[in-house]
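The hints should help you fit chain F onto chain Z, whose structure is shown.
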Amino acid sequence: MKSAFELKTYKSAIVPTWCPGCGDFAVLSALQKTIHALQLEPWNVVIVSGIGCSSNLPHFLSTYGFHSIHGRSVPVATGIKLANPDLHVIITGGDGDGYGIGMGHFIHGMRRNLDVTYLVMNNQTYGLTTGQASPTSEKGMKTKSTPNVGVIESPIDPLSLAISSGATFVSRVFSGDVKHMAEVVQRGMEHKGFSLIDCLSPCVTYNKLNTYEWFRERVYDLAKEGHDPKDIRAAFAKAIEWPTVQRDRIPIGVFYRVDGAPTYEQLEPGLQRGPPVRQPLGLEDPESLMAEFL
Amino acid sequence: MPKLEFVLRVGGAAGDGVSSTSESFSKVCSRSGLHVWTYSSYQSVIRGGHVWTQVRAGVDPLLSHGEDPDILIALNQQTLDVHQGEVASGGAIIFDAENTKADPAKSRAGVRHLGIGLRRTAQEFSKNALMRNTVALGAAVALLELDFRHVESAFKDIWGDKKPEIVEQNIGAAKAGAGTVAQQGGSLGFGLRLSNEPRILMTGNHAICLGALAAGCKFLAQYPMTPASSILHWMAINGPGRGVVVKQVEDELAAVNMAIGAGFAGVRAMTATSGGGFSLMVEGLGQGGMTETPVVAILVQRAGPSTGLPTKTEQGDLNLALGAGQGDWPRAILAPRNPEECFTLTAQAFNLAEIYQTPIIVVSDLYLSEGYRTIDPLDFNVPIVRGMMAADGGPVSGFRRYRHTDSGVSPRAFPGMKGYQHIAATDEHMESGELISDVLAGVPEHIEERKRQMEKRMRKIEGLRKDTPPPELWGPSHADVTLITWGSTQGPAREAIRRVEAGEGITANVVESPTLFPVHGDETLDLLRGSKRTLAVEGNYTGQFARLLRAETGFQPDRFFGKYDGEPFTAREIAAKILEVVS
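Quick mapping for you: the protein sequence lines, in order, are chains Z and F.
Here the working numbering is used: position 203 in the first sequence is 203, and no number is missing along the way.
Here the working numbering is used: position 453 in the second sequence is 453, and no number is missing along the way.
Treat the hints as calculated values from the structure; they're not laboratory data.
Here are the simulated SDA-like cross-link-like pairs (lysine to any residue), alpha carbons at most 20 Å apart as the crow flies: (1) 230/Z with 161/Z; (2) 8/Z with 183/Z; (3) 162/F with 291/Z; (4) 11/Z with 400/F; (5) 8/Z with 434/F; (6) 33/Z with 12/Z; (7) 8/Z with 398/F; (8) 163/F with 292/Z; (9) 33/Z with 62/Z; (10) 156/F with 289/Z; (11) 11/Z with 418/F; (12) 8/Z with 178/Z.
Here chain Z stands alone, though its shape is the one from the complex (with noise of 0.2 Å):
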């Protein structure tokens, strides 16, 4: 029979070194309830992040965890999937992890269709390195790198670019809602193959653009406006409405879903056996693999 877990047992004794009021709080306490919820066994966890204030989220809870280098979160999460696909693997990280240093691997990540969630807590700034420009900051905006006339590229959409690179989950989330926070990121544990949430966490110390109450003023529940995620078109028209068209509604919640697409793992010739981690190690067969040489 298995035991029930407490919320708290998901806690680790490390106290979050955040500021206060920083939007990765929220994250923090979302996806504590949300393995709480599904009563996941926290030794079959793991929490796999990059570099950055948000990629220090491991040490805060009681699973097993890797807190690995700059931008490679999502290829050190692909290893442990690929080694042990009986474990729930979710990766954290911020934007400039995951989607400026770790861009390809973003990507690449995506068009696999891996089962892990990954939850990006976007900040529109570099918060750990003091404040420069972020591939989501808006443009124009004046950062310590970007002091005379601000960003002058065009932010990263990464919910268009997700949606594209074949992930079958795609979301976006706000630090000033919890308990909508708390359900997408449930759906997108749930959900079988790749989940994207882009979580909006205001960076209260570096970007005095986009606070609490900025997105508060914008944003909306694309449940509540009738949108369809099976619909790639409208998923799409969706994803692209903010940062990319305008900035004075930015939808939340799931912009895109597919359920039932293969998952890497179930395509996998070298899985076919079973997880790595359980096969016997040794070769049963040398002969067989010799006969070529001879």
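Leaving out everything else, chain F in the frame of chain Z:
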């Protein structure tokens, strides 16, 4: 007197079938019971260019790809122009008499010019002229009096049951080629003693794959790069059915990070690349060192710097492997000297990676990775040692993943093991895995803990030094000249030593290091004690190993012979250098 060995060289443009000819011919030789050593010179093009392959075969074990060919198969005019003058006296040149021209004045005395209608003969068996190389192959087999049944079996292995008509066409074309030899003077009369007992024929990269599988490798992530790609190709065919995940991924950053993720999750994992890809892997490898995660990285060197000569050999990446990653972290760098050692050292690398919970680098090179060579039988009963595991009796509550120990190795736990949850972090951390870097760095007790964690990790080097193979002295214990080499230079250096002794009566020996790091300083100095004159021989410009040896031991070789023209060492040029040193 019967000859003991011969060299066959086949040349043409890329796409002429040079490599398929040499592969079939190598198989014919190995099945005849001969020892075989091949070397291919090719360029980074798919069609065109000038490509040639050399197959040396002998009754006794071989040490290099040899030098002047006894038989030259010229599939185009350029091959004749470039190689005709190198054919040894008593040998033969096979060329197409109808569209290429051999100039007898350019050949050495006593070389037979065997002009055959290669294209015309090939077209008797198939509409296209592709099989002209097969006609030439048949002629070479007849010149050497090899058993024709090995030709038939080689073709059957290549095309198999799927395309029996192609097998028949090729056998016909080869027989026709052999027939022309009978009409034009018969065999060369080498009188080779053939046992017709098949020998194992493979490349260094094959041996690396087999060593990995024997050691229980369950995960390979790789990005294509010459000359490491054949590891990916062979594993993709042979791995998945044996429960091995084999992935071509988006770049080498992904490759090394996936392998480290897999290693953290508890499977034996590896990645393979050449210098360019390895350059991208260095941060990931440092991550393995810091998080104490096992992983095996295969570095098959080619000529650098940068893109360099993608299809040419070099031993120029020792410094890269040695310095990979910021800061100090423990590693071992192993350098196989031959295919047998590609097998054993790769298998050993997996044990070392898990015993010491750190990345282990195996450094090979193009010369070793791509050439087909006959080898001794492999022993697949390799020991598998997984190192210290938490389940072996560590405390379940308050598990300290990075516990201080005398060896520097702490009990390890995989995700899925109940009660051992921890965070593996690339930031500096305490015994528990909790970070020091964020809010504790600089606090006195944590200054001390940082120091202790660093020392704990670096203590592994002493264990690695004990568990890695020591240097070996080959040749007489006292000699006029002592060579210092590593990796694939073993063969040509040993052959040069035999040659100067037989030819000039000069004695030489060689100190070979299958472990490049940790440096076995004391053992190396023991072997070098009493040496008269020392000559470091390496396939690079700066003498990377000689410099490392000097840094670690203070020992300075008298002379350095570096090669960085992209070609492998020949016994001839090393022998000449030995003579220069004694004169």
